[in-house]
Amino acid sequence: MMKAGAMIDEWYPVGLFSRLTETGNKTALMGEPIEVARAQDGSARVTSGNGRKLPVRVRYGHVWSSLGNPVKELFAIPEADQPGRRFVDVGVVRVRCSPLRAVENFLDIAHFPFVHTDILGAEPHTEVENYKVEIREDEDEVWATQVKFYQPQAAKSATGGITTEYMYRVPAPTCSVLYKTCPPRPGEWDVITLFVQPLAEDLCDVWPWMALFDDETPMTDLIHFQQMIFLQDRSILENQIPALLPLDPGMEIPTRADLTSVAYRRWLKRHNYTYGAQLVAQ
Amino acid sequence: MPSDTAGSWMPVALSADLPPATVMPAWTPAGSIALWRSQSGRASASSDRCPHRGMRLSHGFVRGEALSCIYHGWSYSPAGGCVRIPAHPDLVPPETIRVAVQTVEELDGVIWVAAGQPAAQPPRLGDLIPLRSLTAEAGIEEIEAVAGAKANADGLISVADYPWVRLLPTPQGDRTLVHVLIEQSRGIEDRVAASRIAEALRRRVEARQKEAA
Amino acid sequence: MKLYDYILSPSCYKIRLMAAILGIKLDIRPVDFHPGAEHREPELLALNPAGSIPILEDGDLVLTESSAILAYLAAGNAPEWLGTGTPEETARVQQWLSFSHRLTANLGGARLHEMLLRPGNIEILQAQGISALRELEASLFEQQLRGMRFLASNRATIADIACFPYVALAPDGGISLDPYPTIRLWLRAIRSIDGFIEMPGIHRLHELKPDPHPAKEER
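Chains Y, U and R supply the protein sequences, listed in that same order. In case it helps, the working numbering puts the first sequence at residues -18 to 263. In case it helps, the working numbering puts the second sequence at residues 1022 to 1234. In case it helps, the working numbering puts the third sequence at residues 28 to 246.
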């Protein structure tokens, strides 16, 4: 837990609000056992191993908590408040990998033709064109915009191959928000998120969530589509060496297609967000 | 392990277990390797880690004369240089993007990888042919004790009561990779028997190892 | 034919895979197994009191065990997938179908525990899984010696389809496939079958398609 560093004061997902029980569920945050339950009045309650009450927020279908004292409120996703949105609780998947590796994989598109073959990408359409990346100083978030990729089946609601446009956003060290072309409503973005709960430096629970414009597709189909995408990434995540995300250059070689991940690693290092990471001087 | 003062040879796999255009993971003291065979039949031992984002290359795929990483499709030649980055199809990858490779020698149906620079070739097997490989959760000493003989100069262990069977062990940390060899003239029933003898031996070795622990 | 299906269920995948290989169109009815636990809701319990999936509905017929569903698809469409009918082959198919149920318990149980947080004794499940994989490796080797590439015969049968998914996904439960070269080649042979489809966790064999942008030089 000494390694938590600056990440101790951040918000993390610890459960689905809709699946809370009064008996509670035992889980963990950065090596510390915690318990997540529904109180008698219907609100969410999170306690640490020694009975200490931890701060709680309920947002985006999930219960959020922290082992420390969050200075900021949980990040905002304004699109989640748009009328007509459907919210999808995708369900938790545990992965034996660094929580930071899980986020970085979510930011990556060059793997689509090889890992999400014939769904999010397909050979020979492997080229990643230039896109824009910045660290927005006001919000203190990593943003990638004008990201484009040709996709055979971009979403459950897509009826054929399209060039999808994306935006990626990292508002917290273990969370990412993806905005992608919305086939039923051109001009709007579908919102797909990855909320990652760090259990240990090499173990995490991943909670995907979505806010979509899609009145046609049954809920279970939406859940299954997103679970399918994530499960295709899982066997990659469990086989990356080293397990901890290297924040110093040398061990791993990025190209122009990796600008978002380069910015993410730089932003993590700048903030001393090192739980799940490794530095050369260790 | 067959060795001289300059280096040694490790029998990491059997040729029959690595058909053309396939890759498999293997272990050497210098690190894990992605052992692969190109379409033309050439066996190579590349470090089992893509320098892009650290993905195990043994999970990848072989097309033509190159090994590709499953994550982003980066492709490597038998010499170790990166020859293609699919995200940038027109880019000639810089020389600096490469994986370390180890020397491979394939003889008598066994694939050997060199540690150091051994002066001699790997040992020949004479009239023995390799049958299959299995991994035991125990050290070589336990295997020698149960088999009833120590490894000879060529690294082969005889099995008490079965003079037509030999074991060729390779230490891999806490465990041992064992290749089962048999006299070439033996028919199918003897080959089945040899496999079962090796299975029985492993059971006894691991039971012994468990007791000692 | 309607299949009550969960995209991440290896047992449901057995049916999807067999149907794809045989060219049978299935009407998929997705079941919210996780996180919704829909398989334990009244509608599905009425259809299958065991609370399991897959469930296959074909007219009035309701089938609830993956082995039975595989046998039904093969018998009705491509009986060669049941074996050639010799007593030995028939017995071997049955033996490996039974073995596949053990895999659901050990490899499948380990996977559910490690990935979807289901209860279980992970050490015991992994140890049982390793024993099962070793049995499979030894048997596949002996089959190979007798000139047979698959579990019951020289061609694939429903026995191979029944055992394939949990074996291929063993690493999901923390059980490595690295020590089993014969299993590796058998998995490859199945993944190369015409009409093969993947499930999440099993990648496409990209080598089966030529490189669309061949490399310019060897280095």
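The hints are simulated quantities; they were obtained by calculation from the structure and are not laboratory data. One thing to keep in mind: the hints can contain errors.
Stated by the list, open to error - Distance windows between CB atoms, simulated:
1. R:117 to Y:231: 53 to 61 Å
2. U:1210 to R:117: 17 to 25 Å
3. Y:232 to U:1137: 22 to 30 Å
4. Y:56 to U:1137: 48 to 56 Å
5. U:1121 to Y:111: 25 to 33 Å
Note that beta-carbon positions come from the ideal geometry of N, C-alpha and C, so glycine has one too.
So, going through the hints one by one against the coordinates:
no.	hint	verdict
1	R:117 to Y:231: 53 to 61 Å	holds (60 Å)
2	U:1210 to R:117: 17 to 25 Å	holds (23 Å)
3	Y:232 to U:1137: 22 to 30 Å	holds (25 Å)
4	Y:56 to U:1137: 48 to 56 Å	holds (54 Å)
5	U:1121 to Y:111: 25 to 33 Å	holds (32 Å)
In summary, the structure agrees with every hint in the numbered list given earlier.
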